[in-house]
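Colleague: Protein chains in written order, with our numbering: chain A, 1 to 663; chain B, 1 to 252.
Just to be clear, a hint being listed does not mean it is correct.
Simulated DEER-style distance windows between Cβ atoms [stated by the list, open to error]: (1) B:Ala38 / A:Leu109: 53 to 61 Å; (2) B:Ala190 / A:Arg166: 51 to 59 Å; (3) A:Ala2 / B:Val67: 42 to 50 Å; (4) A:Trp329 / B:Ala190: 49 to 57 Å; (5) A:Leu169 / B:Gly59: 39 to 47 Å; (6) B:Asp181 / A:Gly168: 39 to 47 Å; (7) A:Arg172 / B:Leu86: 45 to 53 Å; (8) A:Asn117 / B:Leu86: 51 to 59 Å.
These are calculated hints, taken from the structure and not from any lab test. We put the beta carbon where it would ideally sit given N, CA and C, even for glycine.
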Amino acid sequence: MAEFFSFALLSVPYGCAFSLVAVGLVLTYRATGVFNFGFAAEAYAAAVTYAELYQHGVNRSVAAILVVLVFAPIFGATLDFAFFSRVPPGNRTAKTVMALGIMVILPQLVLLGIGENTVLGPPTPFGTQGLVGYVGSVPFDGQQVCQLAATAVVLTVLAIALRTRRFGLPVRAAVESPKLLELSGVDSRWVLRAAWMVSTALAALAGVLYSAGEAQVQYVDYNLVLVAAIAAAALGGLRSLPLAALGGILLGVIWGVVQGYVPPDTVWFVALVPSLPFFVLLLLLVFNPTFRHLEDSTDPMAAVEPPPPAPALARRPPVMDRTIRMLRWPLLGIAVVAVVVLVPHKWTNSLTAGASLSIIFLSITLLTGLAGQLSLAQALFAGIGAFTTAQLSNNFGVPILIAALGGALVAGVGGWLAALPALRLRGLPVALLTLCLALLGDNLLFNTSWIVGSSNGINVARPSSFFGVNFSSYDSEGFFVLCVVVMVAVAGVVNLLLHGTTGRALTAVDASPVGAASGGVPVRRLTISVFILSAAIAGLGGAFYAMTYGNVDPTTFNSLYGPVFLVVVVTVGASTVEGAITAGMAYALINQAFTYLPVHVGGTQLGAASLTIVLLSVGAFTYASHPEGIFEYVKRRIATTVFRAVEHHQHRGPVPAAVEEHV
Amino acid sequence: MTALLEVVHVTKRFGGNAVVDDVTLAVQAGEAVGLIGANGAGKTTLFRMIAGELPTTSGEVRFDGAVPPRRPEARAMLGIARTFQLVELFEGLTVLDHLLVALQAHERQQGPLRDLVWRGSTTPEERARCEEALELCGLHDLADAPATALSLGERRGVELARALAPGPRLLLADEPSSGLDPDEATALAATIGRVRTETGLAVLLVEHDLATVAAVAERVIAMDAGRVIAEGEFGSVVANPLVVQSWLGRTA
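Model the full assembly from the supplied sequences, consistent with the hints where possible.
Modeller: Now the structure itself:
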């Protein structure tokens, strides 16, 4: 029993970090409608800033106060002012995409700032580092006491503040309806901004407290804290602040106790114990009925909001569609011939990687662009496809292209398993579920040696030759052409679904699940089909990506890439196959181009990858005004300008309404 | 003769509160029945149980003599169509697309297999059947219009046409005149009447606008506090003291 209490008490400080983040998540979500996926990134950025300030000689307490009470609130207010306040309250998808944008961009900006330097964990911001005293026989050091004290003070102050007439009452009213609050004469913008400032300060505090005493400040640790905090917040149905706070501490304690009793150096300790918060979140998402209706608007003034913009395909001028249909094959042919004939060899492999990534990204077109589901697990499915291909080819002698199909099949089974819990959910809960699955994939699949081999991964051979064309060399144009052929075939499949009965039915389900069901649309069957197909396509793309580089390791498709892939595709354009292909090619080519930059700007591989992600993701913040994606928007603008000029030249008359209205 | 729709001792409780309490009613094939009652009488909850959107706490719903599958899409496939009090249209689709979605679902001609094997998303027969339903609802000119660009009256018409496109046997119409002006409500009632005449469709109509009920329904059922309090011809039901009391809070 003493051992149990020892494990439990020592875990409370960890639970405090979960509590702070959980409370911040619920506060932001309830007050602003934004589920801040960027919370971990904000905590990480705060921790790195704190550590850097300390390294540069700033007093640790002063550094912590600066980060938590000055920098973080300013950052939160800036996020609200520059981005979130401009999104209509009812457009939850845009808010989620923008929050994912923070999740993806902020850690990369931090990485660009620190380069390849290791950020050592700073000391605790207040008090002594050493032993402070005992509770029973359990020793507590300064860091743990600081975590406990800071959490207790902050949560008490917040609880009191939320009961005040001046701050708490408007915040609670804004939770129900910002518009009604405005009609009562209160400027809801400032209330929401205050909520952002408080919640960002909470993220920073969690980041500072959690980093203290750690050997190294790493983003991956904060992502784990985020998911544990989401699970804690989910215990209160993403509604109750006290339950979120209690849930965080409870989860920390349970985690600590389980960790204490499971023998180290066993598969249970390595794989299952770190996955405990993910299992808790998974169970809550599936069995707590709150999450089935989480996205239902309860704002009585919701009806006065203008409807979100129509999907890109519905807004295109017909003449633009015809032009694209006419030009796509000749343009593709010219591009392929140009690559084979003109492009230097060292760029061929980047283009091949781009074609493979495009296949993965087409899976997002299917699931997000068509079915409206935000999946953060597409990298997991790509990884399943890649590792299955490698295993089938290396250990069972299956020819590599057949093995790639096997990889797609196994990934499709993974998609089916993911679809089953997702069936009753829509919107944010699906994003949370898939994030959870991606993290479980990291711990349970990509952490298992018989699947991934050593930490260096497994070699994946290319097909040696086909009809006399050599595929095996690193810069093989033949393999590039093969990848393009597969990419075009997959794009054709996705295009048929986009423009066919499936696309129409899924648009209906996305717009009104209850209306679609009343029309007889088999919502469950279609949802499962699309999940399976999407996962299989991602698996196929993953297999070709692995063949492109000749290797796949546990980090190639880890959980951090799922949000990156989603944000990049949504930013460039998730509603058309051209958008996914452009995103894939741009990702690979920009990454290659950035490697030529001077070292101090980002010439390292790390810098190039970070810069690429930032550049391609930054458009997430324009999602509210351009949900069709930047590429689709620019394409439409250019097409409209060209058509307008042509019309003007031919008729010297006004621009036809059919063109004008689509600008 | 077995009724097309039978609601047999159906009760629905939310917590301890019986929103629908031991309701029994029947709708014959081709018959139009009006369901009236004050707000909170349990009409829409009853509707949702018939459509399969809510499970019953006790009792059962029978369609064509058998208990239908639980899910709403399965009931729609059997021929139970419905419209909604707050119009449920599909943003991003045209009016014709709305009907195609329902028709192709009903004909089991929807999904990746059809798209990948047969390509083409619409056959001439499917388009003709949808245009027929649009014609019936007076929306033929709006086939290619985006549904979100329509007036409320037209949107209600699209919902009705979508419900009619697969050729249902029972239409559950939930306050179709809600938000319409008197002229639009009269036109909608006339449309429902015309549809019944031409297709032999049975209709269960929930409605507050008594003029619409009088124009459409042959028989009226009044509910109050989850229970059926009167049933019969329109004139006798609205004159029933219990109905008057439940609606106006006093006896006639």
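Colleague: Which numbered hints are broken by the structure, listed smallest first?
Modeller: 3, 7
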